[in-house]
Each structure stands twice: as C-alpha cells, then as structure tokens.
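Visitor: Fit the two chains together into the complex; they arrive one by one in their own frames, and the hints show the way.
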Amino acid sequence: MKRFNYTPYLQVAPLAFVFGAFLVIPILTIVVVSFWDYDFARIIPDFVLTNYAELLGSPVTLRTYLNTLRYAAIVWVCTLAIGFTIAYFLAFHVQSTTWQTACFLICTVPFLTSNIIRMISWIPFLGRNGLLNSALMGLGVVNQPLEFLLFSDFAVVLAFVHLYTLFMIVPIFNSMMRIDRALLEAAYDAGASGWQVLVNVILPLCKPGIAIGSIFVVTLVMGDFITVRFMSGGQSASVGLMMANAISLLQYPAAAANAVILLIVVLLMVAAMMRVVDIRKEL
Amino acid sequence: MGKDKMTGKPRGMNRRSVLKGAAAGIGLAAGSGAITGFPTIWAQNIKNVTLRQFGTGVSNLNAIAEKCKADTGITLQMTALDSDAVAQRAVTQPKSFDIADIEYWICKKVFPAGVMQPMDTSKIKNVDKIVPLFLNGKLKPDSVIAQGTAPHSVGFVEGKDSTKFAKSQTQWMTMIPTIYNADTLGIRPDLVGRPITNWKDIMDPKFKGKASILNIPSIGIMDAAMICESMGEVKYGDKGNMTKAEIDKTIAVMTAAKKAGQFRAFWKTFDESVNLMASGEVIIQSMWSPAVTAVKSKGIQCVYQPLAEGYRAWGGGLGIAKHLTGLELDAAYEYINWYLSGWVGAYLNRQGYYSAVLDTAKQHMSADEWAFWMEGKPAKTDILSPEGKLLEKAGAVRDGGAFEDRMGKVACWNAVMDEDRYMVQKWNEFIAA
Chain A
1 MKRFNYTPYL QVAPLAFVFG AFLVIPILTI VVVSFWDYDF ARIIPDFVLT NYAELLGSPV
61 TLRTYLNTLR YAAIVWVCTL AIGFTIAYFL AFHVQSTTWQ TACFLICTVP FLTSNIIRMI
121 SWIPFLGRNG LLNSALMGLG VVNQPLEFLL FSDFAVVLAF VHLYTLFMIV PIFNSMMRID
181 RALLEAAYDA GASGWQVLVN VILPLCKPGI AIGSIFVVTL VMGDFITVRF MSGGQSASVG
241 LMMANAISLL QYPAAAANAV ILLIVVLLMV AAMMRVVDIR KEL
Chain B
1 MGKDKMTGKP RGMNRRSVLK GAAAGIGLAA GSGAITGFPT IWAQNIKNVT LRQFGTGVSN
61 LNAIAEKCKA DTGITLQMTA LDSDAVAQRA VTQPKSFDIA DIEYWICKKV FPAGVMQPMD
121 TSKIKNVDKI VPLFLNGKLK PDSVIAQGTA PHSVGFVEGK DSTKFAKSQT QWMTMIPTIY
181 NADTLGIRPD LVGRPITNWK DIMDPKFKGK ASILNIPSIG IMDAAMICES MGEVKYGDKG
241 NMTKAEIDKT IAVMTAAKKA GQFRAFWKTF DESVNLMASG EVIIQSMWSP AVTAVKSKGI
301 QCVYQPLAEG YRAWGGGLGI AKHLTGLELD AAYEYINWYL SGWVGAYLNR QGYYSAVLDT
361 AKQHMSADEW AFWMEGKPAK TDILSPEGKL LEKAGAVRDG GAFEDRMGKV ACWNAVMDED
421 RYMVQKWNEF IAA
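Chains as they are written, first to last, in the working numbering: chain A, 1 to 283; chain B, 1 to 433.
Simulated from the structure, these hints should not be mistaken for laboratory data.
These numbers were taken from a predicted model, which means no experiment stands behind them.
Incorrect hints may appear among the rest.
[Stated by the list, open to error] Below, computed lysine to any residue pairings styled on SDA-like, alpha-carbon distance capped at 25 Å: (1) B:K377 to B:G401; (2) B:K268 to A:L55; (3) A:K207 to A:Y88; (4) B:K208 to A:S152; (5) B:K389 to B:A65; (6) B:K108 to A:I247.
Chain B extracted, bound-state conformation (with noise of 0.2 Å):
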C-alpha cells in the first residue's frame, strides 16, 4: 500500500489517502460523541485546517509547508525560535502551538510540565519502521547506548495521560522522530595545515585565537566535555548528567583556555558560525551540519571532521499539544503520517540530517543520492541540495561516511543535566570571564 502511494499519481492518491484520513477522523469522532451530524463536511474541513508548529530554525522549512498543502491541504504555520525560547514557550504559552517541533532533550524538560499529548502509535502508519535508535537506543541489536539524553528514554510514556517516561515501548509515543544527525567538529581543511583527529585538537596552541564552541549552554557543555575527555583533563561518568565537580573542572579547563586567548568568538546562531567560517575568523569550530554546507556552497573548502572519541548527537521530533482535539488532532495524525511517508525523508537526507523512518525516504531518492549520503559511496553523478544547488561534484564521499559509521559512534546526546541551574550559571561565568 505504502509503495503504490509512493509511485501512483500524486494527486488522487493523496485525496484517497486524505479521505481515508478524514474517514477515519470521523469515525472517531463520532464514536466519542464529538461531532451529531454532517459528517461529509469533515472532509473538506481537513483542507481548511492550519497547524501551527514551532520549533527550532533546522526543521522548519518552507518548502515542507508548501508540500504539505499540495499533498494533504493542511497549512501549516511555522514559526523558528531558538532552542531556549521553544522550550519555555512550550511550558509558558501551550495554547501558542499545535506542534511542537522540538529536541528530545526539550522534550524531557518540556513534556512532563503536561503541555503536550501522547501520540497513538496504533494511528500511525510507519511507526514499526522507525530506525531502532529511537525505539530502544540502539542502532543494531548489539550497539551500546549512547550517554546524555538518549532519545528512546524520553520517546515513550506510560500511558494515554500520563506525563511519566516509560522505561521501555510502549503504544504512547511523547514525539515522532523526524530528523536527527551527528555534530562534530568543522574545519577549514586548507587552514588547519596538519590533521584533525580527535576532539582535543581544538585546543592545540598552534590554533590561538582561531578556534570557536558554541555558545548554547546545554549543547556547549557537551562539546565542551567531549573536548576535557579527550585531553584527559576530566573523567566523566555521564557527560549527559554531570556531577557539580565534573562541571567545575569543564568550565575551569574552559575558562583557562579562554584566558589565554584559545577562541576568537562564540557563537550562538547558525549565521554566526557559518560567518566565522567563510571568513576565515575561525578555521576550527563546533559546528551543525548543514552550516558545513553553507560554507562549502560559497565555494569555500570546508570539512565536517569525524573524530576519534566519536560525535555528539541530537535528535528532534514532532509533538502534539494537549489542547488539539477532534478535527485539528486529526490533521495533526495526518501530518505526521505525511511526514513519515518519505518525501520530506528524502529532503531532510539530502540536506546531510537524517530522517525517522529510512526505508520511505529511499525511495524518493535516486540510487546514486542513497548510496552517498547514506552508504558513504562516492558520489557518481553531482550532488545537489534539495534546492538544486550543487553541493559535490561526482567522485565525493561524504564526510564520516555512512549512516552507520555516523550514527554507530554516538559518544553522548544533547542532554538535560539534573545539575541544570548550575551548569548554566557557571557557563555563563564562563563566557563572563
């Protein structure tokens, strides 16, 4: 069924498949008492529906919006604010959102503040086809799981109202996974002048005042612990839940470096980053994916360096506030089964993220894009962004290679500590000093 949607007639597929959507909708609707008559009406109704998803400035995509009209009649409002504001938005004004397109370790802070509904994983179509990273933690049965806030631990509830993370699977999903990656390192390869293979390196003096982190304090923190690990300055037990002590000796081997002129800036938004790049203010640096991107498209070499020790990763998802029900939380479902249904897979893949479910997304891409970005084959045609732009030429590998090295080699997920409040007071001592 999934495939003959995949290669039918776009149109009348996506009617049917909103009709079937809509039918369902109804039926239970009806069924809880929610709606006495009419019923033909809702399916012209789902087409008039608008979802208003906030979220983080890497998901939020206009061409997604777009798509999503034509293919399901659903308008979406998008709104990108940064990591901090949508979790306190999230908390503070819960009636401001139908979707939450949020991290799941804003989830952990966001989802037991009861903002949010658990979603029905028996409404949605691709949920067994999910990549297992997201079900149980691990990528293949005998991978280890990751530190910090591993998705599948805040992924489950234990049931339909409750706000407590189940320790396993269950039919109550807090979030849909939607994309996710590997951070590490960026470099700009004809700078550098030796080679980069471990976290540490960043602090070499050969690098004074050219190197940069980033300056969110939760996702700072991690690249910040990846960096003392690797210079066998800290022993952590968990980098995704530090004690007092383990914080102490991060922010002081920090701050020491940063006293002695080791950074040239911080930066907080992806343009800053991709600035201090392209400009050569910076040749290494904490850096996101798709920032590697802009600075290769100006035409400026740039790396996204796998190391050693492994990457720091983050995913995000999206989730469903408490307030939506009847017809709008159906078109919320539908959106969701959209999502899941490939065609944003393939646009999120080829924009070097990663998507939920892998086996829909295949499917929109072509062999040789499959076979790049996500088997780490040489590229053998040119590669090009969603937009058409050219990102590779023919013969490129991509950095870190395939899916499975990338994500296999999760050192630690962005995290939630429960030392919060001190790691960010003594961040902010940090970039205060």
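Next up, chain A with everything else stripped away, as it sits in the complex (with noise of 0.2 Å):
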C-alpha cells in the first residue's frame, strides 16, 4: 500500500497559514462582530440582526452605494480608455526595450510619491483661485471661476482616475507584450485594417488583462474613502466613507455589517468580470 504523502501538505502549509492568519480569521472577525450590539462607548458581544436590519433598511444605504457605484463605473471607463491608449502606445509603437522600459519607468514616477499627497495637490490647482481658473479668467475663456472644479463629483473622479490609471496600464501592457506579433502580421497579411486588427485581435488577446486592471480598479474605488472625503469636500458620500464614520463614533458593528455587505457585493462585481474572462488561460 503506498504510504501518504505529507510532502504537498507540508509545502503548501506556509502560504495556508499566511492566508489563514490575515484573511480568513481577519474576515471571520468582521462577520461575528457584525452581529454584536453596541451603544457608545462598548461593543457588546450578542447576536443581533439590528446593524443588518438599520443598514439594509435605510434608503441612505442605498443612495450611497449607488453613489459609490457610478463613481466605479465612471471611474472604470475613464481608466479603461487611458490605460488601453498609453498601453497600445508602449506596446506596439514604441519599438525599442530601452524606449519601453523608460516611457513605463516614467509612468510610474507619481507613484514615488503618497497617493494622499496626489491627491491633495489637486485641491489648490481646482480650487476658485486656483490655478487652473486663475489660467482661465487670464485667457479670457471665462469670466467667473469654475466652482465644479473642485469638492465636486468631477473632482472626485479626476483624483481617482488619476491615482488609478496605472493599474490598468500595467496587466494591459504586460497581455500585450505577450501577443506574439506574426499574429498580426498574418491579420495585415490577410487584409485587415489598423482598425480592424485593434478590435479583432488585440483587444480580445488583452481580455485577461483588461479584467485585472479592472478588478483592481473596481476594488480600489469601491473600497475608497478619503479621496471622497477630500475631493467632495464631504459633501459626497461612499461606502467606505460610511464605514469610516461608523468607525468614528465607536460603531464597530454597524461598520462591520456594513463591510460584509460591501464584501459581497463586490466579490458578486469580481465573480462577474471572471464569469466574461478567463484569466487563469493567459497567466
């Protein structure tokens, strides 16, 4: 009889226990203690349905998690086209690796910096005397300052699609340095357009990256809370906001119940975008 073999279990112990550890016991956690009872200043083990039941049965629950939707989707296809566009560029019209590996380098250059302190510097640049306007007004294009600028819903998905956009360049670049280019050749030998090869052969090739980017874009937004907080100038709300205030005043099971639903629904938002793309075929 052959004998059991310990050796997969053992080898796949260290990433089960880093996973155990800070994911599942971290999420267990959340989920029992969104079922406790609190009142200001403790929280109180029990079971109770009352933080499921207050935030399901408010409509402002649903207000902002629509809110905090369109602001992923608008976010979505803004990083989308901006990622695609300056992935195509890098990928196929910059020709040499030194040219590529600069231009990417470059890219990432912001991010050297705290995504806080890229966003806050929006805020004297949109601002009523900021320098955008003051530009503006000096040209003569406007007479008043532009108040949507800034602690508005355009600031909101400006700072995003700013702090957002490289990570959909970098899983779309890497699916398209990965297409072998004699496929193209074939398609412009066998008479296709610029345009039709894009929609033909590039784009579905760079499906799986396409569904990474987008997943680390969606997650990211859905879970944001200070940039709303400071590009709205509080006047907008999100999820993540909600939580931070529930957080605030000592409401940990409110916020608890609050992320397990918001965990759903964008496990549900994952789920989805895997269902279209199958990523594991191109990894």
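Guide: Okay, structure coming up:
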C-alpha cells in the first residue's frame, strides 16, 4: 500500500497559514462582530440583526451604494480608455525595448509619492482661486471661476482616474507584450485594416489584462473613503466613508455589517468579471 | 503666597513648590501605608514622573509641556486626537492615559463609565478663584444658565467614588476647567459685502456655494440649531437636548440648503477650516477662534463675527485617570496646580481662549495685553501671539469685545443629547444627502 504523502501539504502550509492568519481569521472576525450590539462606548458580544436591519432598511444606504457604484463605473471607463491607449502606445508604437522600459518607468514616477499627497495637490490647483481658474480667467476663456472643478463629483472622479490609471496600464501592457507579433503580421497580410486588427486581434488577446486591471480599479474605488472625503469637500458619500464615520463613533458592529455587505457586492462584481474573462488562461 | 511665587526667581521657587508638593505626597502616601521607607527619594522621583495626557489639539501644546518640564520636572507626553476618538479611547483603553484633556460634553459621556477619578478640591490651590461659570453656571450672580451641557452640571460628583454628577458644588470635581471659549461664525469681511448680524445670514442665497459648516455631529448640530432658530424655522425647548422631532426638522432645513448648493464643503479638522477660508473657497462658515487667528496671520482679513443670538460655547478641562495612585497621582495634582498658577492661563488668553483662573493669568500678562484680550479695549501696542508673531496692530479691538460680553452671551454649550444615537444617524444622512 502506498504511504500517505505529506510533502504537498507541507509545501502548501506556509501559504495556507498566511492566508488563514491574515485573511480568513480577520474576515471571520468582521462577520462575527457584525452581529454584535453596541452603545456609544462599548461593543457588546451578542447575536442581533439590528446592524443589518438598520443598514438595509435605510434609504441612505441604497443611495450611497448607488453613488459608489456610479463612481466605480465612471472611473472604470476612464481608466480603461486611458490605460488601454497608453499601454497600446508603449507596446506597439515604441519600438526599442530601452525606450519601452524608460517610458514605463516614467509612468510610475508619480507613485514615488504617497497617494494622499497626489490627491491633495489637486486642491490648490482646482480651487476657486486656483491655478487652473486663474489661467482660464487670464486667457479670457471664462469670466467667472468654474465652481464645479473642486469639491464636486468631477473632482472625485478626476482624482480617482489620476490615482488608479496605472493599475490598468500595467496588466494591459503585460498582456500586449505577450501577443505574438506574427499574429498581427498575419492579420495585415490577410487584408485587415489597423482598426480591424485592434478590435479583432489585440483587444480579445488583452482581455485577461483588462480584467485584472478592472478588478484592481473597481475594488479600489469601491473601498475608498479618503479620496471621496477630500475631493468632494465632505459633501458626497461613499460606502467606505459610511464605514469610516461609523468607526469614528465606535460603532464597530455597524461598520462590520457594512463591510460584510460591501464584501459580498464586490465579490459578486469580481465573479461577474471572471465569468466574462478567463484570467487563468493567459497567466 | 501665590504672588510671591509669580514674581520670585522661577527656579528656586519652583523647586520649593515641588518639594512642598512632594512632602504633601509623602505624608499622604505614608499615611495610607503606600510607602514604607526612604521618603527622601520622593523629591527626586517626582522629577522623573511621566504623565501621559491625551486630548483634542487645542490645548495639547508643546510649549506647555516644555514649560511644565522646566517648572515642575514632570514630563508630559501629549497625544492629540479628534473629539470622538478621545471619548472612545478614554472609555475603551482607560489605562492608556493618565490625564484626560477633554471637553465637558465628552466628560458627560466618559465619566459615568468609571474610568476617571474625581479630584479632591482641597488639594487644588486656586479652586475658589475658578470662574463661577464652572462652579454654578453663572458668570455673574444674575446671569441665566445657558442651554446644553453646561460645565458646572457635570463638574462635580457626589463623593470620592461616585460617578453620579452632583446638582451643586461639592468637594469632588470631575475635571479642573482649563480652557474655554465662545464660538461663532467666521467671515471674510472683504468678500461678504454686507453686514453679518445673525446666524441665519449663513443661509443668505447670496452666499450660495460659499458657506460651510463643520462636520462633527455633536458640534455641527448645535451650529445648525443656532441657524434654524435664527431663521425662525424651528423652535427648540433645549438646543442642547433636542427631541427627535426637533432633530428631524433641523436636519430637513439643512438638507434642503445642501441640496440647493448653499454649502461649498464640510470641514472636519481645524486645518481644513483655515484652508477653506484662506483660499476664498468659503467666505462664511463655522469656525474656531484660533482658526480665525491662523487666517489673519496669513495676511488675510477674517472676522470672528459676534451675532445677535449669542455664542455657542465650549469648555475643556483636565481629568485624572482612575488607575493613578501614589507618586503619579501626586504628580498629577502638582501638574494641575501648576496649570492654574498663571503661566498657562496667560498663554491660552494670548491665543484668544480663556483660562479658568483669571487672577493668576493676569499676573503673567502685560497690562496692555490684558486690556486687549480680556477687557475688549483697543490695543495700545502691537499684539503678539505666544510665539511672538504679530496678531493685531496697535489700535485693533478684539472681535466680540470683552470677556463679559463674549462669555456673558452664551446661548448654548456643546452638548450630548439623550437622542445622541438618533442625532448621529440623521446627521450622517444629511452629509450623505
């Protein structure tokens, strides 16, 4: 009889331990706490459904989720369009590998600073008396400062796109670099136009990269609170901000319940993306 | 005695007062059997005591910690948090602090949780010189007690181990008042283009997209109530303890204004309010007094506008953690006595706040400074901040005038309501609307 082989279990143990200790246990804790009760200063071990009832029963929750989803959708479209274009340029127009590497590094330069700094630097730029408004008024393009530039949905989306486009560029660029150039040659030889090659050859082969980038962008936007708070001037809500508010009032169970709901929503969104694109095929 | 201390050589006098404090401590500790020998070590030890103080940013000032170290030898470790975080930490991690520097409305939440110990006023030297506002709620004998969580109503407990607030003055004080002020709206006089006289002026359609209020629920709701009352939209029984219906009506008025685009932003931190005002994003908003000073020090006009309906006041104090005993407890009393002895009071008064014991603070201020900050008289010389920066040129008058005119016109104190949880929920709906 064959002896039981421990080796694969030992090999998988470190990763299983890391996942268990730093992912599974914390999430289980959140789920457990979401059923606890609380008052202003304490969280009380219990099994109550009031956290979920209050959350799901409030019209504010639905509105906030819809608002967050709206941000995610707009940011996704913008980052995809910009990210795909930049990746395409890097992968197919820049011919020398040296220049490709150099340009790619330039894309990452802003990421040497903290994302809070990158976000906040928009505030003096977009303000009523900011650089952009001063320039526009100086050029005579507008008579009055444009108010919508700062503390608005526009400002929130702008900051998100600025912060997260790189997460789209990297996986798409990676996918593009793996495309066999012979396929493109073959398509051109068979009489395809540049556009047809893009739509029928490159785009389908980039799907895994797009999917990975989309997962990054969507999950980041869905969980964000600081960008929404600063760029909307505290006027807009996001799910993350709701949780941050609850935590700042020590309403951890309410925040935990919200976290569980958000986790479910985001997992469903990721699952839907995985249904559309088989990521593993290309990895 | 107190006067000698002020005018004498600071080092010698302070060492003496430390020794005296230590001696009192030894007596107490020896009496209670806490120590068994070598009492002379105490005088050395008190210099090595480190007290961990946490509180809101307003009074956690490094200059105070440095001066305290120089005068008493006690090391203060200060942590600044926002109001909500302070309340939570006090309750959930009562061993993480020795001194709580909190506001009275936070005290109302925190003290009943049994994480602090009342102070024996017989050990506080200047207790009878504390402004009566904190003892019986009245600035002058004929004053009317303001709405909200008035400090005197949570200033005393019934006994040494009690957590029940006393109706009147007792020997056991929950907190020693340190710093307080009357808040109102800040305006940019160069940009508003009309006189501002009432709280309701913030809702003037002329200021559409240029107004702001603060987004700290327990304080923001008070500003909102002052506004709604001034507009005549809502009548309140007690703004500091609203009914659910009053909260609903207040939030409805504010939400309508928000949807109409009246507000440019909501601020949560001091710096945000300064930036909003200095950049011209906002020209009328809820503000705190040092924020007005900060805007002015950038060379931008800003007025802390007195309004007909009066001020929304707040007050903070120092409380001692339950777990402090022996040497550390003595050091805490020593620190609090030092706090009230004048130097800090003068420092705070020069920032535009008020200190709890005015007599001692006066001795540390020049006659001109006192006249400007406390009596509302035109400055004879340039008025400098505690750090020596120019605040006001000679001839300037303080916004709102004299101490009695400002603290005498308090309409409401920052408060905790019975319907606190409901209010916070509604406030969040307003912010998300």
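Visitor: Evaluate each hint against the coordinates.
Guide: Here is what the structure says about each hint:
Restraint check for B:K377 and B:G401: the C-alpha separation of about 7 Å stays at or below 25 Å, so the hint holds. As the CA atoms of B:K268 and A:L55 are separated by approximately 24 Å, the hinted pair is consistent with the 25 Å bound. At roughly 13 Å between alpha-carbon atoms, A:K207 and A:Y88 fall within 25 Å of each other, so this suggested pair holds. Distance hint between B:K208 and A:S152 is fulfilled; the C-alpha atoms sit about 15 Å from each other, no more than 25 Å.
Restraint check for B:K389 and B:A65: satisfied, since their Cα atoms lie roughly 20 Å apart, inside the 25 Å limit. Simply put, B:K108 and A:I247 have alpha-carbon atoms about 21 Å apart, close enough for the 25 Å limit, and the pair holds.
Every hint from the earlier list agrees with this structure, and none is contradicted.
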